[in-house]
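FYI, the numbering used here numbers position 154 of the sequence shown as 154, with every residue one higher than the one before it.
Source of the hints: derived by calculation from the structure; they are not laboratory data. Glycine included, every Cβ here is placed at the ideal spot set by N, Cα and C. Just so you know, not all the hints are guaranteed correct.
As the list claims (entries may be wrong) - Computed beta-carbon distance windows for the label pairs:
id, residue 1, residue 2, range
1, S206, E85, 48 to 58 Å
2, R165, A197, 24 to 34 Å
3, H278, L154, 46 to 56 Å
4, G280, S206, 24 to 34 Å
5, M1, A191, 53 to 63 Å
6, D50, S193, 45 to 55 Å
7, D188, G68, 47 to 57 Å
8, P189, S158, 39 to 49 Å
9, A294, R156, 21 to 31 Å
10, D170, A191, 46 to 56 Å
11, G234, V209, 22 to 32 Å
12, R165, R289, 41 to 51 Å
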Amino acid sequence: MIELPALRGRVQRDAPLAPVTWFRVGGPAEVLFRPADADDLVALLAALPDTVPLTAIGAASNLIVRDGGVPGVVVRLGGAFGVIERDGCGFIAGAAALDVTLAETAAAAGLSGLEFLCGIPGSIGGAVAMNAGAYGAEVKDVLDWAEIATPEGLRRYSLSELNCRYRHSDIPARGVVVRARFNAHPGDPAAISARMAEIRASREASQPVRARTGGSTFRNPPGEKAWALIDAAGCRGLTRGGAQVSEKHCNFLLNTGGATAADIEGLGEEVRARVIEHCGTPLIWEIIRLGVPA
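With these hints in hand, go ahead and build the complete structure from the sequences.
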C-alpha cells in the first residue's frame, strides 16, 4: 500500500476514473488525491517517493484511461483551483478552471484575445501543459506565466522557461500546474461575442461535440491535416467493439456505448497502421493514454 503524509485534501484508494473521463472508460486509480490547496499539493509531492508513479489529470477531456487502471497516485485539482481573477488587462486562472469559463469571463469584461479558448474542451492546467490551440491561436500566444507545484515548492515559470511548442510545454518532472496568467486587451464587446459565437457554431457543425469522445485524436503532421489522411485511408466510420471513428470528423474516436479503453486505443492504432500503409505518414497521438491494460 502507498503510504502518504498527513494531507488535508481528499484521499480515495481504488477510485473509479471512468466517470470523470469524457470517454467514460477505464479502470481505477490506485490512489486518487484531491488537494485542498497548493500547499497541500506540495506536501504530497515533497513526501512521495520517486518510485511511486504520479499522474495529474484535469477535466479528462483528451484522456484514455486504460482498463487496468492507473498505478500510483493520481492528482485531480478542483475547488480552490478553479478561481479566475482579473489582473489588470489579463486574468489569473486556476488550473481547474475550464477554458470556456476563462473565455466567457474575459468576454464579460470586454477583453479580447482569449476567444479561442471557448473552442477547447478542458481545463487551464491541461491547456498550459499541452499548449492547447484551436481556431488560429495557441495558449503560448496569450500566456504570461504559470505557477507550478513541485517537490521543492511552488515556482513561477515564465513563458520562455516553459518553451511552449506544438501541443507541448516543458513542465518539470513531477510538477503540477496550479494557476497561470493570461494576457488580454480591450476589445469591442460585440465583436468578441460574434467571434465566440462563430467558434461555437463551427465546432458544433464540424465535430461530434455531444458524443463520448476525447477531442482530436492525432496531431496534425507538418503541412497536413490528420483528418484528411485518415479519411483518405478509408477509416471514416471504422469500428472496433464499441468504438468508432466519427463519421462527422474522422480525427475523433467515439465510445458509441459499451466500448472499453482497449477498443478505443486499439481502433486508434488500427487507424495509424492504415494511414502508414496508405501514404507513409506516421500519426502521433494527441490524446493522452494512461495506465495499464486489463
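Now for the hints, and whether the structure bears them out:
1. S206 x E85: 48 to 58 Å: Roughly 33 Å apart at Cβ, these two residues miss the hinted range, so it is violated.
2. R165 x A197: 24 to 34 Å: Because 30 Å falls inside the window, the suggested range holds.
3. H278 x L154: 46 to 56 Å: Check passed, 48 Å falls within 46 to 56 Å.
4. G280 x S206: 24 to 34 Å: 27 Å, holds
5. M1 x A191: 53 to 63 Å: Since the Cβ atoms of M1 and A191 sit about 56 Å apart, the hinted range of 53 to 63 Å holds.
6. D50 x S193: 45 to 55 Å: 49 Å, holds
7. D188 x G68: 47 to 57 Å: The hint (47 to 57 Å, Cβ to Cβ) holds, given that D188 and G68 are roughly 52 Å apart.
8. P189 x S158: 39 to 49 Å: 31 Å, violated
9. A294 x R156: 21 to 31 Å: 41 Å, violated
10. D170 x A191: 46 to 56 Å: At roughly 34 Å between Cβ atoms, A191 and D170 fall outside 46 to 56 Å, so the hint is violated.
11. G234 x V209: 22 to 32 Å: 25 Å, holds
12. R165 x R289: 41 to 51 Å: Because 21 Å falls outside the window, the suggested range is violated.
The structure is inconsistent with the numbered hints 1, 8, 9, 10, 12, although it conforms to all the rest.
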